[in-house]
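Assemble the whole structure, with the sequences as input and the hints as a guide.
Its first residue numbered 570, the sequence shown is counted upward by one per residue in the working numbering.
For the record, the hints were derived by calculation from the structure and aren't laboratory data.
Some hints could be false.
[As the list claims (entries may be wrong)] Derived Cβ-Cβ restraints for the label pairs, each shown as a range: (1) V575 / M734: 57 to 67 Å; (2) Y824 / V722: 25 to 35 Å; (3) E787 / S834: 13 to 23 Å; (4) D576 / R643: 10 to 20 Å; (5) A685 / D603: 41 to 51 Å; (6) F837 / D676: 15 to 25 Å; (7) R601 / E787: 23 to 33 Å; (8) K741 / E832: 46 to 56 Å; (9) D576 / G771: 41 to 51 Å.
Note that CB positions come from ideal geometry on N, CA and C, so glycine has one too.
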Amino acid sequence: MKKFLVDGDTGFKGPRDVLIGAEMAFNYNINRGDWIELIVPRGRLSATTGVSPGIGSYRVAGFFKTGYYDFDTRLIVMPLASSQRLFDLGDIVWGLGVKIADIYRLDLVSARIQSAIGFQYQTMTAEQRNQNLFYALKLEKLIMTVILFLVIVASGFTIMGTLVMVVMEKRKAVGILKSMGARPVSIMTIFVLEGFLIGLIGSVLGVLFGLAASLNLEAIVRWIEAAINNTMSFIYAKLDLGIFFNVSLVPKSVYYIDTIPTEISPEFTALIAIFAVFLSTVAAIFPSWQASRLRPVETIRYE
Numbered sequence: 570m571k572k573f574l575v576d577g578d579t580g581f582k583g584p585r586d587v588l589i590g591a592e593m594a595f596n597y598n599i600n601r602g603d604w605i606e607l608i609v610p611r612g613r614l615s616a617t618t619g620v621s622p623g624i625g626s627y628r629v630a631g632f633f634k635t636g637y638y639d640f641d642t643r644l645i646v647m648p649l650a651s652s653q654r655l656f657d658l659g660d661i662v663w664g665l666g667v668k669i670a671d672i673y674r675l676d677l678v679s680a681r682i683q684s685a686i687g688f689q690y691q692t693m694t695a696e697q698r699n700q701n702l703f704y705a706l707k708l709e710k711l712i713m714t715v716i717l718f719l720v721i722v723a724s725g726f727t728i729m730g731t732l733v734m735v736v737m738e739k740r741k742a743v744g745i746l747k748s749m750g751a752r753p754v755s756i757m758t759i760f761v762l763e764g765f766l767i768g769l770i771g772s773v774l775g776v777l778f779g780l781a782a783s784l785n786l787e788a789i790v791r792w793i794e795a796a797i798n799n800t801m802s803f804i805y806a807k808l809d810l811g812i813f814f815n816v817s818l819v820p821k822s823v824y825y826i827d828t829i830p831t832e833i834s835p836e837f838t839a840l841i842a843i844f845a846v847f848l849s850t851v852a853a854i855f856p857s858w859q860a861s862r863l864r865p866v867e868t869i870r871y872e
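Laid out in structure tokens, this is it:
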């Protein structure tokens, strides 16, 4: 928790001290040192009285910011004894959180913990607790992959069309080469190599610009937001249209984050670059085949 603190310290000076999320403090205009009232369901459910509320007053000792909007707007951290007293739990707890270094071993670690503690208790991973969010992220990644694939395929057809035009423009040169004894395979090799070089240069430039954009994505998004908001505010002011409320391209209330994390996968980047080069090379086969079939006499005659 210490690395997430933006104001205060983790050493609670009293049983009534609590830490709250920075976004919660901003939303409710809470300052450090203020006292807040907490009302929570208390004790066990009763058929006659239901659940009686637990009420307590606590002093805000500091603020934390995890970067996860849902935590920063809803989470309150307090000493264990204070929470047990507030919820009337006695000496028990509702749950224990376990953090692991490798998130891809969540299911394995969860299964081992479940086996160790027995089935009178339940283990649940972060993915299981947030199934809708993780499903949406997987679906979004799949859609982006499909879109990227379609863009690469479309660029392949563009390269094919470009090389067809190059073949038409170079008919005379092709005719001269064939009249000098160039074999059809040699003509095909020339244009296939041109398609390969186009794909290679495009992939290298695309990877470089893509990496630069990924590493500076946060700054780019903020710059675009500032440009939109400043422009619209100026227009609203000039035309007397009222107050323009700033827009956010990545709303915190929707995506639950206040920063845009980026993770670069070398394997995926290399795969996309190799596939782009391969597709551009394949796209050059048809135009190069057309060029190899040109008859030297006819091409020179009409040129």
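Each hint, compared with the structure:
| no. | hint | in the structure |
| --- | --- | --- |
| 1 | V575 / M734: 57 to 67 Å | 59 Å, holds |
| 2 | Y824 / V722: 25 to 35 Å | 30 Å, holds |
| 3 | E787 / S834: 13 to 23 Å | 18 Å, holds |
| 4 | D576 / R643: 10 to 20 Å | 18 Å, holds |
| 5 | A685 / D603: 41 to 51 Å | 42 Å, holds |
| 6 | F837 / D676: 15 to 25 Å | 22 Å, holds |
| 7 | R601 / E787: 23 to 33 Å | 28 Å, holds |
| 8 | K741 / E832: 46 to 56 Å | 52 Å, holds |
| 9 | D576 / G771: 41 to 51 Å | 49 Å, holds |
Figure legend: structure checked against the earlier numbered hints; every hint is met.
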